[in-house]
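Engineer: Could you put together the complete structure from these sequences and hints?
Chains as they are written, first to last, in this note's numbering: chain Y, 1 to 174; chain B, 1001 to 1226.
Bear in mind the hints are in silico, worked out from the structure with no lab data behind them. Glycine included, every Cβ here is placed at the ideal spot set by N, Cα and C. Just to be clear, a hint being listed does not mean it is correct.
Here are some, though not all, of the chain Y residues that point toward chain B, as calculated from beta-carbon distances under 10 Å [unchecked claim]:
(1) Cys-79
(2) Ala-83
(3) Val-85
(4) Thr-92
(5) Pro-130
(6) Val-157
(7) Gly-161
Here are the chains, one letter per residue:
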Amino acid sequence: MIGADHPVVVGSVLFTDLVGFTEYNEAVGDIEALRVLDEQRSLVDGHLDGQDARLVKEIGDGLMIWIGSAVGALSIATCLLEAFVGIHTSGTFPLAVRMGMHHGESIARGDDLVGQTVNVAARISALAGPGELLVSQELLAACGSHAQASLRPVGPVLVKGLLHPVWLHRFATS
Amino acid sequence: MTSVPDKATQITVRISSTSDRLRVVAEAREDVLVEGDAIVHRDGSCTTIDSTGRAIVVRVPVGADLVIGTTSARVEVEGPVGQIAVVTKSGRVSVADATSVDIRTSTARVDVGRTSDECCVRTSSGRVEIGACGSADVTTTSGRIVVKAANGPVRAHCVSGRVEVGLMAPENVAAETVSGRIHVTVPHGVAVTTNDDRSMLTAWPGGAEASITARTVSGRVDVSSK
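Structural biologist: In structure tokens form, the structure reads like this:
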């Protein structure tokens, strides 16, 4: 506990990003871009509903989500990715999504969360390709034997301020 | 100089390095040899190397799997290796010959000679050149990716950059760009027809067929024969 106003919370932080949203917005205009964001939000809300999870904030076309357990985070993220890939492949959603996730302590600042867990999750997200979810070794370790998803090792990412590299694993839909 | 004897069937070498230069040489040997300042830890057939010196050379057995993470180093991998994964922000990465590669970078220049299986590359704005590969899964935001000869299924995605793929076998291609350009080249003699839904069909000498699905908002996906 940092203080009553800034409690430490343990959980998983998931970042999502719509690949090429800025260029898409430029090509189709604001109204259509807004529709895409609304559709994304609706899909995500549906997956978080009733779970120990919440949307922390929207960052442009990206979302930052906090999930209370690593096992729950892996389950929600993989389901969400499959849902996004499904609607994108069928042609009803124009952009691919990419995701990155890390697990650890964050500090609450009002409704927001800050700290290295958040920074690392954002960095991981930036390394994912369209239709991919990258997760850290820390998240898998927190899952223990409950990690059910089919994951493949990707490599270590060096993050400013961290002494040791963060090892990544890739989940991609078939 | 640290020598780590290895006798296991499949050797994995995990390297994280803040060095300026990392050189990995796959050669006829059974151990993993590290030249330069590094902390080396061995766990069964897996060797983990943490390097902080200016330059490091790692000598590995032919066919070893590599997992490499750097910030902005020059990474050179010489000789035939197994699966290789590289994560780096910038710098330059060159891989001569691997079973498969998975390279993720923001701005690094990437050169891959050949892979027999999958070649997976993610870059924001770097320039990537791949000689020959099995399947290809390549993504760029605004950079340029050239796959000279793909012999397996291809998945190419770019936002505003450019992807060029030379398709050498009757395999499916899924190409997607927002405002960039994806160009697929097929060998002379392969017939290309476009369907109503903008997907394309390639008919290869011998009767094999494959599909090319193209998706774009304001960019361009085209196919030509050489």
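Engineer: None of the hints should be skipped; say for each whether it holds.
Structural biologist: Hint check results:
| no. | hint | result |
| --- | --- | --- |
| 1 | Cys-79 | violated (22 Å) |
| 2 | Ala-83 | violated (18 Å) |
| 3 | Val-85 | violated (12 Å) |
| 4 | Thr-92 | violated (13 Å) |
| 5 | Pro-130 | holds (5 Å) |
| 6 | Val-157 | holds (5 Å) |
| 7 | Gly-161 | violated (12 Å) |
Against the hints set out earlier in the document, violations occur for numbers 1, 2, 3, 4 and 7.
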